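Novice: Put together the whole structure using the sequences plus the hints.
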Amino acid sequence: MMNEFLMISFYGTAIALILIGLYATLAKKNLLKIVIGLSIADSGLNLLFMAIGYVKDGTAPIFSAEVVGKNVVMVDPVPQALVLTAIVIGFAVTAVALSLVMRLYRHHNTAAIDEIKNLKW
Amino acid sequence: MVISPVQYIAIPLIAAFLIPLFGKLNKELVRIIPGLVLLYLSYISVVLMNQVISQNTMIVEIIAGWRPPWGINLVFSPFSGFLASLFSMLGFIIWMYTYNFKREVEDAQTEKFYVLMMMLITGTIGIVLTGDIFNMFVFLEITAISAYSLTAFYRERDGAEAAFKYLLVGSFASFFILLAIVLLYSQVGTLNMADIAQKMPDVNPYMKGVILMLFFVGFGIEAEMFPLNGWAPDVYTQAPGPIGAIFAGMVVKAGIYGLVRVIFTLFDVHEIFPLLMIMGVITMAVSEVIALRQGKLKRMLAYSSIGQMGLVLVAFGIGTHEAVFAAIFLMFNHAVIKSLLFLSGTYLVYHSKEKNISDLDGIGKSLPFTSFLFALGSLAIVGLPPFAGFWSKLYILMAAADVRLIAVIAIILAVSVVEIVYYFRVLHRIYFRERISTIEIKIPSFNAKISMLILAIVIIVIGVYPDLISGLIERAATDLLDKQHYIQSVLSVGLH
Chain D
0 MMNEFLMISF YGTAIALILI GLYATLAKKN LLKIVIGLSI ADSGLNLLFM
50 AIGYVKDGTA PIFSAEVVGK NVVMVDPVPQ ALVLTAIVIG FAVTAVALSL
100 VMRLYRHHNT AAIDEIKNLK W
Chain C
0 MVISPVQYIA IPLIAAFLIP LFGKLNKELV RIIPGLVLLY LSYISVVLMN
50 QVISQNTMIV EIIAGWRPPW GINLVFSPFS GFLASLFSML GFIIWMYTYN
100 FKREVEDAQT EKFYVLMMML ITGTIGIVLT GDIFNMFVFL EITAISAYSL
150 TAFYRERDGA EAAFKYLLVG SFASFFILLA IVLLYSQVGT LNMADIAQKM
200 PDVNPYMKGV ILMLFFVGFG IEAEMFPLNG WAPDVYTQAP GPIGAIFAGM
250 VVKAGIYGLV RVIFTLFDVH EIFPLLMIMG VITMAVSEVI ALRQGKLKRM
300 LAYSSIGQMG LVLVAFGIGT HEAVFAAIFL MFNHAVIKSL LFLSGTYLVY
350 HSKEKNISDL DGIGKSLPFT SFLFALGSLA IVGLPPFAGF WSKLYILMAA
400 ADVRLIAVIA IILAVSVVEI VYYFRVLHRI YFRERISTIE IKIPSFNAKI
450 SMLILAIVII VIGVYPDLIS GLIERAATDL LDKQHYIQSV LSVGLH
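Protein chains in written order, with numbering that gives the first Met the number 0: chain D, 0 to 120; chain C, 0 to 495.
It should be emphasised that the hints constitute simulated quantities derived from the structure, not laboratory data. Here the structure is a predicted model, which is why all the values come from computation and not from measurement. A portion of the hints provided could be inaccurate.
What the simulated footprint calls covered on chain D by chain C, stretch by stretch (three residues with Cβ under 8 angstroms from a Cβ of chain C suffice, anywhere in the stretch; the number is not a length) [said to hold, decoys possible]:
1) 3–10
2) 39–52
3) 55–67
4) 96–107
Every residue, glycine too, gets a C-beta built ideally from N, C-alpha and C.
Specialist: Listed below in structure tokens is the structure:
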């Protein structure tokens with residue numbers, strides 16, 4: 000019962016985060032808010048991946064003296080490793096995005112996306 | 000040193016991060032090191048390609064001692080190896096072109112330029128060589144991040160705006176691809192591409208469709224598929240000229256590779272082929288018509304590039320062996336020819352502020368060599384004999400004729416006429432107008448001339464003797480279509 004509730008809230012939060020992030024990216028006009036939206040969507044995706052790797056009643060996937068030789072259920076370690084990578088990548092993309100926002104702001108003196116249109120959008 | 004595919008990734012990546020350090024020793028090393036690295040990669044390409052072709056195998060490299068399907072592995076198959084070799088050699092030629100990049104203006108930017116360029120090339124080579132779907136995503140991101148930064152390289156242009164647009168669209172692409180990988184992992188429980196391909200028949204067909212569509216959209220953005228290609232023209236216009244050549248020659252090709260590897264090897268779903276073909280036809284028709292209306296040279300080249308990618312998608316969408324052969328041939332031709340056009344075009348509009356085609360009036364007399372190469376590239380890309388572009392277009396038309404796709408043939412021919420019109424309009428201005436503009440002319444440096452000449456010679460030689468390369472492409476096409484061989488080769492590695 001508790002477990003099911005946990006799973007539903009995991010998936011629910013993940014999907015909610017993804018939707019909030021995508022909404023912010025598509026609907027907001029402020030460059031910073033767009034970058035924040037991308038970041039939120041990324042976090043949602045990472046959480047979704049963690050939820051998929053969860054095994055009922057599993058413990059941390061570490062081979063220590065307490066678990067060796069015993070019949071212990073562990074969660075899937077692969078998504079955790081991948082999410083770690085994905086977080087780093089997301090960090091790098093956000094850093095590049097923010098530096099671009101800064102340069103755009105200095106150049107145009109505004110962060111509103113519809114006022115920056117030297118190029119056709 | 001033992002030659003192995005892992006050097007394709009390890010050496011340029013290490014070199015990229017050591018470049019600033021070498022710069023402390025000697026400013027000239029910053030320019031020389033990338034060239035040495037790319038020359039070495041071209042050398043190992045020749046050795047490995049020779050080995051793969053002569054022994055009729057594929058080289059599967061296990062990384063860190065974990066054999067597939069547990070660890071990450073690199074697959075140097077005829078198809079991925081062909082592309083990796085193409086990227087290394089093209090990279091070397093483009094490096095030669097950039098050797099004197101910004102030398103007279105400023106030196107501080109050179110380091111950044113070469114670090115990012117090496118990362119970009121590493122990323123594209125990684126995408127084609129890796130045998131692990133998540134690893135492919137990582138390389139895609141390496142490519143993307145360096146591509147965003149290079150687009151914003153010039154502060155005085157609108158590079159940051161183009162880069163932000165690219166970043167926004169590119170982030171959507173990687174979001175979709177990562178979501179697809181997550182869902183795929185939840186279904187098959189593995190990330191190894193050969194293992195995924197093997198377990199794919201057990202996946203629920205509904206889920207399969209969803210995942211394939213996510214991949215299709217994600218890689219479609221990278222491969223400039225309509226209507227997901229809004230980023231491309233601005234990026235090509237704003238990025239430095241040689242980087243435009245790398246985008247057209249490598250980054251987009253890597254996107255196409257991801258798309259077809261997923262469709263042909265991982266999913267092997269034939270229902271998607273008509274969709275691929277329709278998207279290709281739309282991409283081609285729309286972008287070539289838009290190209291006709293462009294007043295700026297690089298925007299025109301960018302739309303022409305999108306159009307060619309559409310033609311590649313059409314050929315892959317036909318799906319027969321002949322069509323796949325023609326598609327890979329076109330990928331090769333387009334990489335070489337469009338690079339030549341971007342490299343020579345950059346010099347034609349070097350000092351022009353607006354980069355307008357109308358600034359080219361009569362430039363053929365002032366810049367005879369560069370104009371001649373640009374003209375040669377234009378004739379080649381529209382598919383006139385005896386240049387390389389002719390053969391790929393002919394093979395695509397023949398492949399379409401084999402399966403009685405008369406409408407597709409008609410559209411390809413109609414679009415070719417449009418292509419001829421807008422390229423010849425530029426040539427007309429270059430050669431048959433009087434020069435009235437007072438814009439200064441930039442004479443290409445010696446190394447740039449050599450690099451463009453090499454590309455031109457390749458175009459002519461392949462045009463006259465297509466058999467020089469058709470054997471390799473034939474094997475590449477067989478490799479892409481033979482899913483079982485790929486699965487067996489990868490999964491049997493290290494089984495003793």
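Novice: Next step is simple, just say for each hint if it's right about the structure.
Specialist: Hint by hint, here is what the structure shows:
no., hint, result
1, 3–10, "violated (count 0)"
2, 39–52, "holds (count 6)"
3, 55–67, "violated (count 0)"
4, 96–107, "holds (count 6)"
Hints 1 and 3 from the earlier list are contradicted by this structure; the remaining hints agree with it.
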